[in-house]
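The primary structure of each chain is shown beneath.
Number of protein chains: 2
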Amino acid sequence: MADAGDYRILHEAALRDYLAGIPDLKALLGGEPAAWSITEVGDGNLNLVFIVKGARGGVAVKQALPYVRLVGESWPLPLSRAHYEYLALSKQAQLAPGLVPALLHHSETLALTVMELLEPHIIMRKGMVAATQYPGFVDDITTFMARTLFFTSDLALSAAEKKQGIAAFAGNHALCKITEDLIFTDPYRIAEQNRWTAPYLDGLAAELRDDMDLHVVISRLKLKFMASPEALLHGDLHTGSIMVTESQTRVIDPEFAFYGPMGFDVGAVLANLLMAYFASAGHERTPGERQAFEGWVLETVEQVWSLDTGDLHTGSIMVTESQTRVIDPEFAFYGPMGFDVGAVLANLLMAYFASAGHERTPGERQAFEGWVLETVEQVWSEFARKFLDLWRAGATGDAYPVTLFAGEKGAARLEAERQAYMQRLFTDTVGFAAAKTLRRIFGLAHNIDFELIEDPKKRAISEARAVRLARAMMVEAGAFGTIADVTGAARKLRDRMPEFANG
Amino acid sequence: MADAGDYRILHEAALRDYLAGIPDLKALLGGEPAAWSITEVGDGNLNLVFIVKGARGGVAVKQALPYVRLVGESWPLPLSRAHYEYLALSKQAQLAPGLVPALLHHSETLALTVMELLEPHIIMRKGMVAATQYPGFVDDITTFMARTLFFTSDLALSAAEKKQGIAAFAGNHALCKITEDLIFTDPYRIAEQNRWTAPYLDGLAAELRDDMDLHVVISRLKLKFMASPEALLHGDLHTGSIMVTESQTRVIDPEFAFYGPMGFDVGAVLANLLMAYFASAGHERTPGERQAFEGWVLETVEQVWSLDTGDLHTGSIMVTESQTRVIDPEFAFYGPMGFDVGAVLANLLMAYFASAGHERTPGERQAFEGWVLETVEQVWSEFARKFLDLWRAGATGDAYPVTLFAGEKGAARLEAERQAYMQRLFTDTVGFAAAKTLRRIFGLAHNIDFELIEDPKKRAISEARAVRLARAMMVEAGAFGTIADVTGAARKLRDRMPEFANG
Chain A
16 MADAGDYRIL HEAALRDYLA GIPDLKALLG GEPAAWSITE VGDGNLNLVF IVKGARGGVA
76 VKQALPYVRL VGESWPLPLS RAHYEYLALS KQAQLAPGLV PALLHHSETL ALTVMELLEP
136 HIIMRKGMVA ATQYPGFVDD ITTFMARTLF FTSDLALSAA EKKQGIAAFA GNHALCKITE
196 DLIFTDPYRI AEQNRWTAPY LDGLAAELRD DMDLHVVISR LKLKFMASPE ALLHGDLHTG
256 SIMVTESQTR VIDPEFAFYG PMGFDVGAVL ANLLMAYFAS AGHERTPGER QAFEGWVLET
316 VEQVWSLDTG DLHTGSIMVT ESQTRVIDPE FAFYGPMGFD VGAVLANLLM AYFASAGHER
376 TPGERQAFEG WVLETVEQVW SEFARKFLDL WRAGATGDAY PVTLFAGEKG AARLEAERQA
436 YMQRLFTDTV GFAAAKTLRR IFGLAHNIDF ELIEDPKKRA ISEARAVRLA RAMMVEAGAF
496 GTIADVTGAA RKLRDRMPEF ANG
Chain B
16 MADAGDYRIL HEAALRDYLA GIPDLKALLG GEPAAWSITE VGDGNLNLVF IVKGARGGVA
76 VKQALPYVRL VGESWPLPLS RAHYEYLALS KQAQLAPGLV PALLHHSETL ALTVMELLEP
136 HIIMRKGMVA ATQYPGFVDD ITTFMARTLF FTSDLALSAA EKKQGIAAFA GNHALCKITE
196 DLIFTDPYRI AEQNRWTAPY LDGLAAELRD DMDLHVVISR LKLKFMASPE ALLHGDLHTG
256 SIMVTESQTR VIDPEFAFYG PMGFDVGAVL ANLLMAYFAS AGHERTPGER QAFEGWVLET
316 VEQVWSLDTG DLHTGSIMVT ESQTRVIDPE FAFYGPMGFD VGAVLANLLM AYFASAGHER
376 TPGERQAFEG WVLETVEQVW SEFARKFLDL WRAGATGDAY PVTLFAGEKG AARLEAERQA
436 YMQRLFTDTV GFAAAKTLRR IFGLAHNIDF ELIEDPKKRA ISEARAVRLA RAMMVEAGAF
496 GTIADVTGAA RKLRDRMPEF ANG
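Line by line, the protein sequences are chains A and B.
If you read the first sequence in the working numbering, its first letter stands for residue 16, the second for the next number, and so on.
If you read the second sequence in the working numbering, its first letter stands for residue 16, the second for the next number, and so on.
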């Protein structure tokens, strides 16, 4: 943990000296430290974030401040959160390799972490405001969730390992407390920091404060958040904590571009793939070790079609292993799995309802909206599928011991119980998704999906639709047995005109 | 925690020297250390327990061994459990004063605790085999459970305090593991250490191993045990961990006894009470401070009737504040509340079913059996009442914040939710009670309620009735909505003759 005595905030000059003093980072950045560009880019609520670029490469530097950045020194927040973020990031990197930024350096004293600079990734929420679709997102985020949640649960861990994990994150209670207050309490009562799109939503805000059925449900969810350490959660898994690239393949260096015969480019790609295929044998250390790769190359040769730019060989195609990176796990703790899954779904649904508010001409974002709802469905179904596959393949934890489910009859009963387990998790997910939605409309922290709708009435209309769905998801939970019930209800609300008592 | 390097087992001579070296204990025991009597009395499964008596007083000394006493050095068990027992005992003493033995000394290094010597208390289970009724038991055990569970739950603690508590006990996982294996796993599969009353119960044991519905329920209960840190549990709250006196008042020193007029004794008591009443004013430090006491004395004068022994004044009546002491919390950890409450109910129900096996003439234990079932009902209803009263009176925890339930409507809805909360807790309790029963009949550790029934067929008959109830409580949980459903089902099974395939 950070020793408060030696902590100091590193602004530009101090940060330059600090990084220059770490040989690996100095080499990675390259060139003269004095020439490094250092830009503060933190747009989150809590920390300082710098992008540092040198002659050779770049890094991202995140330093915790001893207070909430959004509010100021009047709201102190322990530096220890940097320790928990580092701990969570290390665990996630191990469980979901390639889906979180690579860790390059960490200082407990300074509550500072240096990470891989993510380029050309952008914050997913920004892309969604611009109606960008991310075809690789479902696969990446469901892999991240299924693996980080399953492998830190009682299904994969011994009870002793699990208790050690819970204890290791127990000290991160100040960050949990933010969630407990801002998500599970304040939006439902009068609280100084609440805000909403007035005057349109005044009536809904008052209903929220007066709705005792809702207060019971949100209190049950709060208790579950506090006292159900099912797995190591990211704890803040909204689309602002996810960075994406539009596709996982980037074509670069088009300085030879001209109008010419298409076959020139396609042939260039094919030639390069074939050379890679023939070269492969020469890289073998043991016979056959590259067979899978070679098969993939030939398959790719068959599949390559219709690419068009000049100078297109495999040296000018950059690929990343996955297009998605999950960042900022400083809220990590052992909690209910549905909180993370619900966070993703809630943020997709909010993007869906916000979309109408961003329309300049009717229907222009229709394809995007269709993709969003399809993504909602696939995030749940793919998550469930991958989680179940992990459970079926390797349940080494102390829960549901395989010796109790021997034989054909046992296997069938266990499989039915797995489905029941996922159904309970789905119900939790629906409730948490609703809670995550309502806090963004009535609580302290809002999101740009709605906030960037400039016309307040349009914004209120989008928000009111999201509120209506969220309330139903909380108090009529029985009506949402499948993810299609959720997307179906969302679709029906797409064009609903709310009646505002005010405005 | 105990430092294994300095740990040594203290047998009689070493223990005598050790205690003599602690001035407070030496004074408490009194007289020459060489004259102290030291007797090893441990009849539990894990530890050494000594009773030490000196010229003036006595103490109980408990030392953890680095292995399971019942099995031997082949089953090592960490000494740290003495640390957790001490921690739990300290907490329980604070929350339920007078209901646990007073702590006199603790050594982390030696994994050794010195406690108040409980006299004339006996292990409750022994008393129940002898058909003894304990009229004060319900009040004491429900106070113990309601207070220790409520005040360590999210209803009373902040989320931060709760997380600290969970972390403080997370290291006690080796003891939890014993429960996970011996209660939630082994009785349902072939395991070397299982045993049952063969050949009569061979068929039931096979059914248990083959019953996949039961395996699902026991696995859900196991997961709840591992991953629902609702409150600080005792963790092993059976009637072998409860010491009782037959009544809370003990009349002593009857050396003046003779046959004489009853009024002599009654008058002696009344005179002593009246003297205490008049003396009271003289002990006042501030006017009126002893008013409640004085009122109680006069009320007692009015209520005193029919006592008959010689020399009966208040100097020869010893009272304890409560007749019950809960001991041995070394399995303490943060877990589901229903596990503790279910443990008490299960052990009462087993005493009920065992009772027929102890009969020498039909019906001779009828009054006792009636008292047991009444106690089962009252343990739940009084526990629920006291728990709810604590919740209503002082819910200072982060769960169910009162600000969300303001006004008359809010108060009514919160009260309904409190009832729903208790109903969920009751369902958990029923399931855990059943699990605690089955392990005592098919697992490693049995209890004397059944074991002391010498005729194996009679024993098997009693056990089979308990098994039938326990199985129903697990797989037909919906049929047990109230505690009267449990006692009603037990009563119906009292005389049921099981059919044994073997024997």
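It should be emphasised that the hints constitute simulated quantities derived from the structure, not laboratory data.
For clarity, every value in this text was computed on a predicted model and none was experimentally measured.
It is possible that part of the hints are untrue.
It does not matter which identical chain is meant; a pair holds if it fits inside one copy or across any two.
[As the list claims (entries may be wrong)] Each computed DSBU-like pair below joins lysine-lysine, with the alpha-carbon atoms no more than 35 Å apart:
(1) K401 x K192
(2) K401 x K68
(3) K424 x K192
(4) K41 x K239
(5) K41 x K106
(6) K141 x K192
(7) K401 x K473
Okay, the hints, checked on the actual structure:
1. Taking the shortest Cα distances, K401 and K192 sit within 35 Å of each other both inside one copy (31 Å) and across copies (29 Å).
2. Taking the shortest alpha-carbon separations for K401 and K68, neither the intra-copy value of 38 Å nor the inter-copy value of 64 Å comes in at or below 35 Å.
3. Taking the shortest Cα distances, K424 and K192 sit within 35 Å of each other only across copies (27 Å), while inside one copy they are farther apart (45 Å).
4. Proximity of K41 and K239 under a CA criterion of 35 Å is satisfied in neither setting, with 46 Å inside one chain copy and 50 Å between copies.
5. Taking the shortest alpha-carbon separations for K41 and K106, only the intra-copy value of 26 Å comes in at or below 35 Å, while the best inter-copy value is 53 Å.
6. In this assembly of identical chains, K141 and K192 lie within 35 Å of each other by CA distance solely inside one copy; the values are 27 Å within and 48 Å between copies.
7. In this homomeric assembly, K401 and K473 never come within 35 Å of each other (Cα to Cα): the closest approach is 39 Å inside a single copy and 52 Å across copies.
Violated hints for the displayed structure, listed by number in ascending order: 2, 4 and 7.
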